[in-house]
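Let chain Z serve as the given structure and place chains R and V on it in line with the hints.
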Amino acid sequence: MHLLICGGTGCTASQSLEIVDKFKAELKANNLEDEVQVVKTGCFGFCEKGPIVKVIPDNTFYTEVTPADTAEIVKEHIIKGRKVNRLLYLDPKEKEHVSDSKHMNFYKKQIRIALRNCGFINPENIEEYIARDGYAALGDVLANNNPTATIDIIKKSGLRGRGGGGFPTGMKWEIASKNHADQKYIICNADEGDPGAFMDRSILEGDPHSIIEAMAIGGFCIGATKGLVYIRAEYPLAIHRLQVAIDQAREYGLLGKDILGSGFDFDIDLRYGAGAFVCGEETALIHSMEGQRGEPTFKPPFPAQEGYMKKPSNVNNVETLANIPVIINKGWEWFASIGTEKSKGTKVFALAGQVNNVGLIEVPMGITLREVIFEIGGGIKDGRKFKAVQTGGPSGGCLTEKHLDTPIDYDNLIAAGSMMGSGGMVVMDETSCMVSITKFYLDFTVEESCGKCTPCRVGNKRLHELLDKITQGNGTMEDLEMLRELSHVIKDTALCGLGQTSPNPVLSTIDNFWDEYVAHVVDKKCPAGQCKKLMQYVIDPELCIGCGKCAKDCPVSTIKRTDYIAPGHKLASMEIDQSKCIKCGACQAGCKFNAISVK
Amino acid sequence: MINVTIDKKALQVPEGTTILKAARMAGIDIPTLCYFELNGMNFENKPGGCRVCMVEVKGRRNLAPACATDVTEGMEVFTSSPRVLKARKTVIELILSDHPNDCLQCEKSGDCELQALATRMGIRRIPFNGEQSTYKIDSTLSVYRDMDKCVYCRRCETMCNKFQSAGALSGVNRGFPSVVGTSFSKPLGDTSCINCGQCVQVCPVGALTLVDNIQDVLNAIADPKKTVVVQTAPAVRVALGEEFGMKPGEIVTGKMAAGLRRLGFDKVFDTDWSADLTIMEEGTELLGRLTKALAGDKNVKLPMFTSCCPAWVSFYEKNFPDLLEYPSTAKSPQAMFGAVAKNFLATKMGVKREDMVVVSIMPCLAKKSELAREEFAVNGNRDVDFSLTTRELAHMLKQCNIDLTQLPEEDFDNPLGQSTGAGVIFGATGGVMEAALRTAYEVHCKKPLPRIDFEETRGLEGIKEATIDFDGFPLKIAIAYSLSNARKLMEEVRAGNPNGYHFIEVMACPGGCIGGAGQPYHHGDSDIIRKRMEATYREDAGKPIRKSHENPDIIAIYKEYYGEPCGHLSHEQLHTHYFNRQSTVEFEK
Amino acid sequence: MNKIKNLSDLRKIKDDLQNKIKLRENSNSPESVVQIKVGMATSGIASGAKEVMSFLIDELDRRKIDAVVTQVGDMGYCYAEPTIEVKKPGQDPLVFGYVNTEKAKEIIEKYIINGELVEGILPANYQSID
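Protein chains in written order, with our numbering: chain Z, 1 to 599; chain R, 1 to 589; chain V, 1 to 130.
FYI, nobody ran anything at the bench for these hints, they're computed from the structure.
Model, not experiment: these values are computed from the prediction.
Note that CB positions come from ideal geometry on N, CA and C, so glycine has one too.
Calculated cross-link-like contacts (lysine to any residue; reagent style SDA-like; alpha-carbon spacing at most 25 Å):
hint, chain 1, residue 1, chain 2, residue 2
1, Z, K599, Z, S573
2, V, K88, V, I65
3, V, K12, Z, F264
4, Z, K342, R, G59
5, V, K12, Z, N329
6, V, K20, Z, V36
7, V, K88, Z, H103
8, V, K3, Z, T225
9, Z, K299, R, I2
10, V, K88, Z, S101
11, Z, K330, V, D15
12, Z, K257, V, D9
13, Z, K80, V, K87
14, V, K64, Z, Q37
15, Z, K40, V, Q18
16, Z, K102, V, N28
Footprint (simulated), chain Z over chain V, 3 or more residues, beta carbon under 8 Å:
hint, stretch
17, 9 to 17
18, 24 to 30
19, 58 to 70
If we strip away everything but chain Z, and leave its shape as in the complex, we get (with noise of 0.2 Å):
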């Protein structure tokens, strides 16, 4: 029997490793120490549920372990063969525990490439990695020693970059390779920087030699002897997997001189980034590796033609590598027949907001939003209404109802008013605001902004000034025109990609939810009752019994009792002073009688 524990940096977070520990603990006191394997993996993707602990060869799935449960889980499920249903995955909709990984909605429709060792072996063992075919994609490129035909390979296969700009992979390279230089570069761009996006982050941290093995490849078909990750100093875990992997190829002679005795030497360096979401950016990138400011450079050159310390470099993201080895093994044909016509093999995706099941997915292309939020996410939490799903991170747009049957692919979402981007997706419900949250995103593109450039430095301020001012209930419909006037003009004139994709959120929202703006605007309400300068806490003299706890629980003490007495009660009602109302809702959540609502 095999226990695959989580070793991710979200279960980690959550004990896992002192989980560990304990199983190790337990199995040496049954002195079951050789029959069961216990291994530290990458992450399963199903982070809400952590710590995950996976039961092999039964796939039973527990979720929510803790080491307390580990002595429970020995006796029970390893000795006796009965699982511990209490920590089984519940299903939201069917109310039932389900037993094992392969019948949980979750996993159903995922088709896990990039993600395909993580959670299934241990990270830090080059042997486990090799022992599913690891290393096997660069041996048969190396072994033909044609790059041309390997660049055709990826070509074929139609992988687009995953990083978010979707440009086709294979033709990266081979513009790269046609650049001469005595020195050339292959990059990986693990500067992960959407909020809420750890794709990246899981793949190096599951998988770090998938990541090693790609970048030989790719260096191999570009001419490039040199590898470099810059991978941000907040991923600790992924830099200790990276570096552990690193050396252990090393080791093995899959990095350095004379690779598998090809005549081919490749070795990788790591470059840390401070985290600096326009560092994802690749002249950014490249820039902040060199120590200069990390700020873009308009292309071209493009760094195919000049990049870091200005010879030919190539940038990939690390999802997009990911896939690399996987191609090669399975062929351009299997992975050409996953996914649309444009858009293939798989995307994964950060799943969170309100809905169910939130995590790591990995999905293949084509797939509906439908599909994603309302089985792989299990539909929205407590029942309530879908009303948007935000893609392609900061930078993306908020789709709507209209779009959910919509086969997510890269041009698709472009043609809805979002985008790919690196993966992320939240999912919004009937209680969100969209003006305040399309501030929020414009919060986050103001923050990361390098400041170069006029529109994204100046314009994308103005536009949350515009959307704060709204907000706070003193917009007006010239400022409507005014976002969308400046938001089209940002697009068009701003330096980089952070600065032509930040006013999309505000684009998608006024498009899509303009009687919203609207309300705020005009009647001066907010429709979901989020922005709270719109909206008021009022008392129902009718419901009121005059207990008086409501004015017991306000901290600002703006409750006071009226003389109206309603017919039926004995006490006189409540009334709030909306000129002193901090709009804080503990009158609200402590009144027993429903008397209190917003307005």
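Below, chains R and V alone, put in the same frame as chain Z:
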């Protein structure tokens, strides 16, 4: 050649031409703000950040920055379509929405590129209300920083880092608070800043300006107890006219002298005179070092560097403290003049040192800082009291209702007013070298020069090298302007001087002092600098005496006062020493 | 560890290492291998299910048959414990009762390898067991 259509005008341009330059060839002037180039001087600021020069390119999803986009075959460009105009206006409105509305009081008013742009684009109101950036005012003795006005064009940063390699200014913060600042937000004076002032010269707005000393000088002139003497640097006379609408390159030496006299200066002298004096001291020092070296003295420091440029002096004090013995110990002409004025002249005129005020008119901002060096004062009384720039002189004349163009030509006063052509050419890069060669050759070889013009020292190349035949001895020289070029030469010297240089001239500013930070704003038109250079050599060629050692007043002062060059008294008054001023960052442990 | 010198070296190492994770690999795609479930409720354990399970694992491994042996709770055949369910790829599962190690060997040799029927098949009275 590439075929391109701009605003329906078809033209052919060489490959690698930007849309901006191609349009200019077609007579279409696309407005810019951050873009800045000194053609032929290896300086280009092209961050593509302001987005003012955006144009529409057929088939392209978004607008393209004309300054940074190369034309491609068959490209169709529209520089003033409704989409472009809307975007351009919005961008300017955005810039203005984060810019103080104080044009009336701003030093740059009338000379401000943003103001001109707003006027040109017909901006009448700014639709955006919102936060405006505010920063602390900061100032050195030369440079005044009001970063509220910064439009983040990054010209200053490029000038500071790429051109000068001084490394004092850099983009700091991100997003809306992005601004050009100093490391750890230290006051500029506490950084590696060398006060060259080139950041001021290129700033399109009033964020970086000079420290204005006009009122100090007006006060001194108005004080009946004070004898106020003025000296004017070589590069001023070829640029001052520009401020009065004259063509670049017009020489206004005589009008300037007249104007200064009208302003009420008691004596109007010439820094060209002390430039001749500098040549005597520096040339003698060079020959002394060479003689010792040829005699086998291993301790002699060669090459010798010039030391006329105070930004350069500050640069090596801050960056090469291990090489402080290489530069000449001769003071700059400004400082030499001050020393002569407050010692020799004051005595001669019967004025107490404290009652004499020495004012210099300089093309330079660094001179404002140089005059405050402690070693350039006696008991706290400075040799030079105030240094005004060419621009300040122009303002002062205008304030005092003096129209330069209407003035007669007048001569300088004596005895510190007569100069030679050698003194004149100090204003251009290579000029100090050429002047020194004219004198050193004749003193060393004890025979007249076969030719007086050293063409190899002239021109706008960043680093020039030559070997001059000193009667059989090959004197290896180098000339650099821009301190990043000087840095290369310093690094060579540090590495053992593999090229065997004997003498190196360094000037900080583009083209030498004629491109100084105190000169009228050239707004990136390097032809203006070229014309000033031509005028400099024209003035030299027209001088009756063109070698410093033949200047009768120079000969006289050695006879009367200093005895001999590099003698005891000149060492005391005309030479100086240097300090390690490397800035260190102390981290708390 | 010595460096891997060439591709065939790599392939050999892979084959050697594959056993280490075979269990996981097979459980990842159980449809393609023989799946055996052993009833391990209290009654099953009391009648020797644990020994049968260990035997099955060892024997299948020895014979290099790709199989997944898992334990399940009560199968509902307490009268016939130990019981096991065997599902060959593409076939319906069969349940065998009164399985001891000898019977287990017979099931492997006759049913799993040769596809012959073996005595002791119980009538199916359920849809699927998890």
